[in-house]
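Please arrange chain B on chain A, whose structure you already have, making use of the hints.
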Amino acid sequence: GESVGLHLPTLSVQEGDNSIINCAYSNSASDYFIWYKQESGKGPQFIIDIRSNMDKRQGQRVTVLLNKTVKHLSLQIAATQPGDSAVYFCAEIPRLYNFNKFYFGSGTKLNVKP
Amino acid sequence: DSGVTQTPKHLITATGQRVTLRCSPRSGDLSVYWYQQSLDQGLQFLIQYYNGEERAKGNILERFSAQQFPDLHSELNLSSLELGDSALYFCASSVEQGETQYFGPGTRLLVL
Chain A
1 GESVGLHLPT LSVQEGDNSI INCAYSNSAS DYFIWYKQES GKGPQFIIDI
51 RSNMDKRQGQ RVTVLLNKTV KHLSLQIAAT QPGDSAVYFC AEIPRLYNFN
101 KFYFGSGTKL NVKP
Chain B
1 DSGVTQTPKH LITATGQRVT LRCSPRSGDL SVYWYQQSLD QGLQFLIQYY
51 NGEERAKGNI LERFSAQQFP DLHSELNLSS LELGDSALYF CASSVEQGET
101 QYFGPGTRLL VL
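Chains as they are written, first to last, in this note's numbering: chain A, 1 to 114; chain B, 1 to 112.
Calculated directly from the structure, the hints in this document are not laboratory data.
Nothing false has been slipped in among the hints.
Label pairs and their calculated CB-CB ranges:
{"id": "1", "chain 1": "A", "residue 1": "Pro9", "chain 2": "B", "residue 2": "Arg108", "range": "17 to 25 Å"}
{"id": "2", "chain 1": "A", "residue 1": "Gln76", "chain 2": "B", "residue 2": "Glu53", "range": "35 to 43 Å"}
{"id": "3", "chain 1": "A", "residue 1": "Arg61", "chain 2": "B", "residue 2": "Gly98", "range": "21 to 29 Å"}
{"id": "4", "chain 1": "B", "residue 1": "Glu99", "chain 2": "A", "residue 2": "Glu39", "range": "18 to 26 Å"}
{"id": "5", "chain 1": "B", "residue 1": "Gly84", "chain 2": "A", "residue 2": "Gln60", "range": "34 to 42 Å"}
{"id": "6", "chain 1": "A", "residue 1": "Glu39", "chain 2": "B", "residue 2": "Gly84", "range": "23 to 31 Å"}
{"id": "7", "chain 1": "A", "residue 1": "Asp55", "chain 2": "B", "residue 2": "Ser38", "range": "32 to 40 Å"}
{"id": "8", "chain 1": "B", "residue 1": "Val95", "chain 2": "A", "residue 2": "Met54", "range": "18 to 26 Å"}
Reference listing, derived: stretches of chain B covered by chain A, where coverage requires no fewer than 3 residues with Cβ under 8 Å from a Cβ of chain A:
{"id": "9", "stretch": "42–49"}
{"id": "10", "stretch": "99–106"}
Using N, Cα and C, we set each Cβ at its ideal position, and we do this for glycine too.
One chain only, chain A, in its complex shape (with noise of 0.2 Å):
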């Protein structure tokens, strides 16, 4: 069935480092998707969205990257810190019906080390 998925479930990087965290997704016809972190024990936390009608978006240290030719989905972290450290979700949203189709992967555990 149609899913969002991660390349990788766990992440190391150093502090400092930049930090890239990839999505694949598979809703060609899909044209919202946001980026989440999630802390341990706590809610996701909306980071940055994009829509397809663009390729690149940056906010503050994070920047996404969306390749709809290949369905790919980035989000890059700039100068990583220890705050960093969680999970984190792609999600798809389509603009049409179907919100049951609104899946979150597994996500990418990011460790930052110190």
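For chain B alone, coordinates are given in the frame of chain A:
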């Protein structure tokens, strides 16, 4: 703080029992979503309401039901509880359908 509140934070109950989880969306948000997150699992979409009406169903069991009230708060009812129902239950809200969802802190349910 996302502005979405959920109560209770923790719930311990026994198999066969029934519980009700409550969610208050962000002020102005019309859409409410419920998710289940089991240990080391991703978020599983359960059900969505928009302005009091059910709009979408995901992998929600027949033992589970939900509703959204006129004041827009929502309740998720879980009945005939089984051990496997132990999980984190999250509520999220958005201004409109398909817009960014803001998540509450979750309710941790433990069925013994």
